[in-house]
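Given chain A, put chain B in place with the hints provided.
Protein chains: 2
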Amino acid sequence: MPTTIADTARQDLENAAGNREVYDPSSPVAHFGADEPLLLDAGRALSPFQIAYNTYGTLNEAKSNAVLVCHALTGDHYAASQSPVTGKPGWWSSIIGPGKPIDTDRFFVICSNVIGGCMGSTGPASIDPATGEPYGLDLPVITIRDMVRAQAMLVERLGIDTLFAVIGGSMGGMQVLQWTVSYPDKVFAALPIATGARHSSQNIAFHEVGRQAVMADPDWHGGRYFAVGKRPRKGLAVARMAAHVTYLSEMALHRKFGRNLQDRETLGFGFDADFQIESYLRHQGMTFVDRFDANSYLYMTRAMDYFDIAGDFGGRLANAFLGAKTRFCLVSFSSDWLFPTEENRAVVHALNAAAASVSFVEIETDRGHDAFLLEEPHFFAAIDGFVSSAARARGL
Amino acid sequence: MPTTIADTARQDLENAAGNREVYDPSSPVAHFGADEPLLLDAGRALSPFQIAYNTYGTLNEAKSNAVLVCHALTGDHYAASQSPVTGKPGWWSSIIGPGKPIDTDRFFVICSNVIGGCMGSTGPASIDPATGEPYGLDLPVITIRDMVRAQAMLVERLGIDTLFAVIGGSMGGMQVLQWTVSYPDKVFAALPIATGARHSSQNIAFHEVGRQAVMADPDWHGGRYFAVGKRPRKGLAVARMAAHVTYLSEMALHRKFGRNLQDRETLGFGFDADFQIESYLRHQGMTFVDRFDANSYLYMTRAMDYFDIAGDFGGRLANAFLGAKTRFCLVSFSSDWLFPTEENRAVVHALNAAAASVSFVEIETDRGHDAFLLEEPHFFAAIDGFVSSAARARGL
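Residue numbers (UniProt numbering), protein chains in the order written: chain A, 1 to 396; chain B, 1 to 396.
Chain A with its partners taken away, still in its complex shape (with noise of 0.2 Å):
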């Protein structure tokens, strides 16, 4: 309960960011000062800064076991713990774990927040120390080289010089990726999912829709929402559900919802949540709101549409990976239309073309996008044939 001006300033803070793991992280913490200032793809340099992050497991003597984990748009470092904001098992707990496909009773395995995020990593709503105020969108647009740039020096910061591995979907996919690219030295397998070497035109469509969504908001303040106490809630979640339909497929919409009416036998002839989808749609975005700061879903979404491996390899992707010898396991789900098997297929080929280790599997589901996070035992078992093979290759 705040009892000074100062803790009911930090409370309208925490209030407006939507949880107070902004401002006071339960996790560990790096810092870095200005010594040690984060680089930025926008040219310019963020410090102080910090990263928030979770292990789980020991790291052996050799320091050979590390596994980075990293999380996706609207994603956490608490992978495999319980969310201190939602109560909820870590994201990914049913692939990390003791016994599991991520194995911590081996794997020393780390996942921090990203840069730009609002779980105790430095993003919009960290104070500025430049005004003393949160910076909102004087932040300047991170990107996925940023984050993974900033985990790199984490990594460092724990006295790791390679990882075993890295691994994630969608966003979390992406980075991945970028290590490959960044730190191909750093690597030794990569595991991307669900994801692609760039962010499609229909990708970029939606996330705008999920912008403008936020920025019409009146209580959105052109991102300076925290010094008037405000939260653009209805914005964000209008964001939230237009994203929400674009993880699911059709065929799963249509098996779990159908056309099924929510609590009534015939339609309500009104505006109403007459179908259960709506209500479902709605409670996804009333929830969302209450753990996710507006101004970083702005950050994580331009993130993504940022990110396109190839131009920077003057269009050609397979230049990206010459040279590689990261062992590559990718793995798309055959009903995800945000990164249909295509765009998974893509990298492949790019990874073929520069002679790289690659495996590749689409696991058959109709659970969309989501399937990434659900449980889908041919994906587990994908994941845990290709850890073990490369952890014997490795020596571990």
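Derived by calculation from the structure, the hints in this document are not laboratory data.
Model, not experiment: these values are computed from the prediction.
A hint or two may mislead.
Identical copies go unnamed one by one, so any copy, or any two together, can satisfy a pair.
[Claimed, not checked] Pairs of lysine to aspartate or glutamate, DMTMM-like flavour, derived with a Cα cap of 20 Å:
| id | residue 1 | residue 2 |
| --- | --- | --- |
| 1 | Lys88 | Asp161 |
| 2 | Lys256 | Glu61 |
| 3 | Lys100 | Glu375 |
| 4 | Lys325 | Asp272 |
| 5 | Lys256 | Glu343 |
Chain B alone, transformed into the frame defined by chain A:
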């Protein structure tokens, strides 16, 4: 230029509704008085009400050459003549006209603005005689069947007993199907294009996103924005942007926009429109609000969501078409993911099961749902062939 208080109030209403056609249609209008109420599925009657419409060509002496054209979600009755609002040619002037697939030298073409619309037919922006104020959300929810019931009254008013053909795409196609179910003896030939016998869960989801965007806009004022001289411009623009993405295909977006930048050589590292697809969508949103009433958008999307022919026939679609004498021609577009070929084919299968006369063609195109509004030679040829053959059978 307004000169009286009444004129000023009217101007405010026109501005709030998005266009002056709402109150002052430049087309013919059929008025239905207290003795001719429109009975609605919501269990209420609409009275008085009016229907704005256009006709092209000449009705023959036998009154056997009438073609009813049904418009889509945000369409209007300017199917083959210049829109008084946008100044653009009629939305289907490529199909309707002298020597065109729907040949106005041979046929008498009728196109009316649907009930619930905002181009001159009674809708939420119309004045509620009970209050003297615009209906707003006091207008009962309108269904596709209500729209068709109103059209049938118009057709009767025009002295036509049986329509030679009914044709329309998307929501227009829903009306075509409903015509053959509600008035099976009054439709000689039916052409439902890019549509389905029910609205899918995914489509309801996207519509709900749009409605929430409109209703989240504080300028919506619970649907009573007229009273305060406001319009939920931003919310409606976001709704239109979200919907517009679903009208295109990933392929079309990639071909047309890809990741091309707008008016710049390099990324802007900000939240202005960097990519052409962003500028395009923003433009679509902004121009839409200049011509469409926000409440009408809620009513139109709801009508589509409620549409489920099988639901009216114990869940068995074929039962809706038992004994059908109408000749059907269905057309789908290969890259349409809003009404994919399977949804169209489900109607074909039901018609087959009901032993109806039906032909079906899937047009190969990468232009998505919008293809039904575009120059698609194979589509035009299919309509031309079917209409000519049906005209011969009809003795025209």
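Inset, instruction - Provide an ascending list of the numbers of those earlier hints which the structure does not satisfy. - result: 1, 2 and 4
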